[in-house]
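Asker: Could you build the full structure based on these sequences and the hints that come with them?
The opening residue of the sequence shown carries number 1 in the UniProt record's numbering; numbering runs sequentially from there.
The set of hints was computed from the structure by calculation and includes no laboratory data. Even glycine gets a Cβ: it sits at the ideal position worked out from N, Cα and C. Hints may contain errors.
What the hints assert, rightly or not - Pair ranges (Cβ atoms, derived):
| no. | residue 1 | residue 2 | range |
| --- | --- | --- | --- |
| 1 | H111 | V23 | 26 to 32 angstroms |
| 2 | M1 | P74 | 31 to 37 angstroms |
| 3 | L105 | Y58 | 19 to 25 angstroms |
Said to hold, decoys possible - Derived lysine-lysine pairs resembling BS3-like cross-links, with alpha carbons at most 30 angstroms apart:
| no. | residue 1 | residue 2 |
| --- | --- | --- |
| 4 | K43 | K113 |
| 5 | K99 | K7 |
| 6 | K43 | K14 |
| 7 | K102 | K43 |
| 8 | K7 | K102 |
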Amino acid sequence: MHIQVLKSKIHRVKITQAELHYVGSITVDEDLMDAANIIENEKVQIVNVNNGERIETYVIKGERGSGMVCLNGPAARKAQVGDIVIIISYASMDFEEAKVHKPVLIFPDDHNKVI
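Answerer: Below you can see the structure in the form of structure tokens.
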């Protein structure tokens with residue numbers, strides 16, 4: 001049996017941009033991606049702390065060190081610049097493996113920088 005478990009979480013980052021007229025996805029500073037063990041094109045869930053919205057999309061690399069967190073395409077309607085979001089990725093694994101799995105959790109500062 002396989003179950004879905006928390007793999008990675010970027011806890012409480014600010015949306016820095018929202019680009020409605022874009023193909024889709026969320027652009028995330030590559031430093032944040034590396035710290036959270038999230039790769040480009042990985043499926044993520046975005047949870048908006050300000051309005052309760054939850055969406056799923058995929059990640060594209062943003063400029064390293066920029067602090068960028070940009071919702072693109074229709075997802076841009078789910079948050080405003082300045083909203084606080086949590087970016088979550090999950091993994092599917094064997095039940096016994098999941099019991100000992102340790103997710104990667106990061107808590108960036110107020111400027112979306114890795115602490």
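Asker: Sort out whether K102 lies within 30 angstroms of K7, counting only the CA atoms.
Answerer: Roughly 8 angstroms separates the two Cα atoms, so the pair holds.
Asker: Would the hint linking K43 and K113 be met if the CA-CA limit is 30 angstroms?
Answerer: 22 angstroms, holds
Asker: L105 and Y58, beta-carbon distance inside 19 to 25 angstroms?
Answerer: 20 angstroms, holds
Asker: Against the 30 angstroms threshold, does the CA-CA distance of K99 and K7 hold or violate the hint?
Answerer: Cα-Cα ~13 angstroms, so holds.
Asker: Keeping to a limit of 30 angstroms between CA atoms, is the pair of K43 and K14 held or broken?
Answerer: Distance ~19 angstroms between K43 and K14 Cα, so the pair holds.
Asker: Range first: 26 to 32 angstroms. Now tell me if the beta carbons of H111 and V23 are that far apart.
Answerer: 27 angstroms, holds
Asker: Does K43 sit within 30 angstroms of K102, going by the straight-line distance between their CA atoms?
Answerer: 19 angstroms, holds
Asker: Are M1 and P74 spaced within 31 to 37 angstroms by their CB atoms?
Answerer: Given range 31 to 37 angstroms: holds, Cβ gap about 35 angstroms.
Checked against the numbered hints above, the structure violates none of them.
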